[in-house]
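Asker: One-letter residues, chain by chain:
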Amino acid sequence: MSSESPTTVVNAGDLRTEEMLLNMGPQHPATHGVLRVMVRTDGELVLDCEPHVGYLHRCFEKHCESVTTLQSVLYTDRLDYLTAMGNNWGFCMAVEKLYGDELVIPERAQYIRVICQELNRIASHLLAIGTYGMDIGAITPFLYCFREREKILTIFEHICGQRLNYNYIRPGGVAYDIDEGMLRLISEFCAYFGPKVDEYDDLLSTNDIFVQRTAHVGVLPVKTAIDFGCTGPVLRGSGVPRDLRKDQPYGIYDRFEFDVPVGSGERGTLGDCFDRYMVRVREMRESLRIVQQAVKGIPAGEIRSSKIKAKIRPPKGEAYTRIENSRGELGFYVVSEGKEVLYRVKCRAPSFHNISVLPEISRGAMVADLIAIIGSMDIVLGEVDR
Amino acid sequence: MDTQTLVQWVLGENPGFWPQLIGVVAAWALPITVWVSLVGLISIWLERKISAHIQCRLGPMEVGPHGALQTIADGVKLLAKEDIIPDGADRFLFALAPILAFAGTFVSFAVIPFGPDLIIADLDAGLYFLAAVGSLEAIGVIAAGWASNNKWSLFGSVRAATQVVSYEIPMGLAFVTVAVVAGTLSITGIVEQQSGMIWNWYLFRNPVMPIAFISYYIASLAECKRAPFDLPEAESELVSGFHTEYSGMRFAIFFLAEYAAMYVVSALASVMFLGGWYTGIAPLDRAVAESGLWANALGALVIITKSFALIFVQMWLRWTLPRIRLDQMMTLCLKVMVPIGMFTLVIAALWQALVPEGAALDAAGHPAHPVVGSVTGMLVFVFLIVGGSMWVRSTIRATTSFKTANYRA
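Residue numbers (this note's numbering), protein chains in the order written: chain D, 1 to 386; chain R, 1001 to 1409.
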């Protein structure tokens, strides 16, 4: 037909179309820091994308190999700066493992670690949910989330004098003790926070526009998630009940009652953005349960093991430990030569693995979906680039 | 006010062609300019305060009482800023775009009334004129995105073009529905027919008018590029959309045009559905009707209040709802609202033909009360509002299942 039509008629197929190469970031409001994504687009459709990382590379591992072990803890704060407690703990666990079974962490320190880590997980998820709402276009939930996060940061400020980079959990225990007043603050927060999560459900989880924007978007199949080494809420959103706090309990997590929320495709497909979002909302409730139990059960006693002296010289050897941080499995591999300075430190960062799956799940999505997918991955570039 | 007389009074009997032309334009443009700036100032301040209070903040508090002068301070800052035209931009179009965007909104003000006599141009086809110039803003937006030579701006302008072809149709259908009911396209004519008590408003004129009103309101959100239809300037997706490359006064003009457009669509909604300058309390209107001054003063107060009430709802929605996606916007406008618009149009036309009430005037020259239409219209309106909120509540209540479901034992 088209060949017989007069030459004046322009067929849609004859129009010259071009793919557009779009450079998203590193200065883009929705890339959560300095991620750069090269996007090949056909109009609003994403044909392919490629994340470029490294804009925040700070030689974390090399730093840790040139300063003393105790000073290294300070650098771990800067990895996933939204869950600095978890980073501290992960690194300290690796160092403690070098000491072997003879090192026993005091009970009170264990409880304080759990309380801090879970509060920090709530703070981190609050930020993830708030910024995710903002990525989708709802600005108000972001400020509500920050209101609650502010309370947690105030508690941390009371506990260790810092609001973001705590440097609080140290090899062998924690830096400072917490007193009754701080415990009371924490219990007050627990009572306050429970109903607030329902507010987020009202504002976002049940919002039809929000559901339409996130359901069926960025579906991450289980196999892809496992192949790419995704962990944390990203993996659990795909329906895999993998949580190191349950599967390989470290610290004293085996003493607490909590559930592991997993995605089920309740509003769309299994493993879509809504599932990942919902896993975070539910995890906040679970973390709250753990904090409440820990505050109730915290014993009196030492906060530091006397085994570890001020000058930390871990015994010769190597150790790998991993913890369930708010973004997934955070692993530290340390090699010690028995000196004050560690010979080698390697960090397995969950965000790095989670963001690597981005091209796989964003093909065929729209540009607006790409933003939703990046947001649902909840990356922290400090951890991706290290 | 007859502009011809005014101009002659100022310039003398026979001032010549050009002075007269300039005089007439100035006599028209000056009050609009003042009012547009005022609307901009007030609504920008309102937006900041409303968003702040919705978000548990205070908002601007420093400049003036409760930050009332903050917008002026910002305006001065924007005036003083460097005027940047990026390399590679189409300089002519880049400079023209904000003016184009502003012109459409600005011209709309000519037919927006403030009172029985306070209308600059009472066109016979006022509604048609508004529909025509209302979407002129989109041309400015498209030009801005194209001229900026920036991929994000281009995205924004293409989205704006997509949005125009989507929302214009349901909006036009709402216009036609009103025109069918009113039997006129004149703005004053439409308002005059809604005089009397509140049930004479077109919102309650027949059972489908509430639906037409809501449909128009949603389309008007899209016209003003307000959330959830703020796709052309989606800040989290497109950096800042079509005005990414704009700064200083050019940006301020875009900004002003947006807020002025909010007023235009809200004032139009109050004219078409909410009785225009009538209070909805017949004795009150009749009491001031004798005195032209009081009638106009009350009329201006009423229509501005109604418009700002609708602007408040726009802001409320913006700070509550997320943004919908481009394809979802098109689906909503073309697949949902167009059929609804067709339905309301057909029913309204049938109603006009088959229920012979309201069209006839009573002895005093007022339209007779369309009882059946008003009662059913009000019932439908109440049903929509109550049913809608109950439905929203029920979906929220379904969250209780969120707390228990989908956990690993």
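Hints should not be assumed to be uniformly reliable.
[To be verified] Pairwise CB distance ranges (calculated):
#1 D/K223 <-> R/S1394: 34 to 40 Å
#2 D/R289 <-> R/W1316: 34 to 40 Å
#3 D/E188 <-> R/M1342: 55 to 61 Å
#4 D/G364 <-> R/I1085: 48 to 54 Å
#5 R/M1342 <-> D/L15: 29 to 35 Å
#6 R/P1086 <-> D/C59: 31 to 37 Å
#7 R/W1316 <-> D/E150: 23 to 29 Å
It should be emphasised that the hints constitute simulated quantities derived from the structure, not laboratory data. Predicted model, so just to flag it, every value in this text is computed and none were measured. By construction, the Cβ of each residue, glycine as well, lies at the ideal position given by its N, Cα and C atoms.
Asker: Is the hinted range of 48 to 54 Å satisfied by the C-beta distance from D/G364 to R/I1085?
Answerer: The hinted range 48 to 54 Å is violated for D/G364 and R/I1085, with Cβ atoms some 37 Å apart.
Asker: Within 29 to 35 Å or not, the Cβ separation of R/M1342 and D/L15?
Answerer: Roughly 32 Å apart at Cβ, these two residues keep to the hinted range, so it holds.
Asker: Lying within 31 to 37 Å: is that true of the beta-carbon distance R/P1086 to D/C59?
Answerer: Once the Cβ atoms are compared, 36 Å apart, the range 31 to 37 Å for D/C59 and R/P1086 holds.
Asker: Verify the CB-CB distance for D/R289 and R/W1316 against the hinted window 34 to 40 Å.
Answerer: About 35 Å separates the Cβ atoms of D/R289 and R/W1316, which means 34 to 40 Å holds.
Asker: Are R/W1316 and D/E150 spaced within 23 to 29 Å by their CB atoms?
Answerer: Hint holds: Cβ distance 25 Å, inside 23 to 29 Å.
Asker: Is it true that the C-beta distance of D/E188 to R/M1342 lies inside 55 to 61 Å, as the hint says?
Answerer: Holds - the Cβ-Cβ distance for D/E188 and R/M1342, about 57 Å, lies within 55 to 61 Å.
Asker: Could you see if the CB distance from D/K223 to R/S1394 stays within 34 to 40 Å?
Answerer: With Cβ atoms ~38 Å apart, the hint holds.
In the structure shown, a violation is registered for the earlier hint numbered 4 alone.
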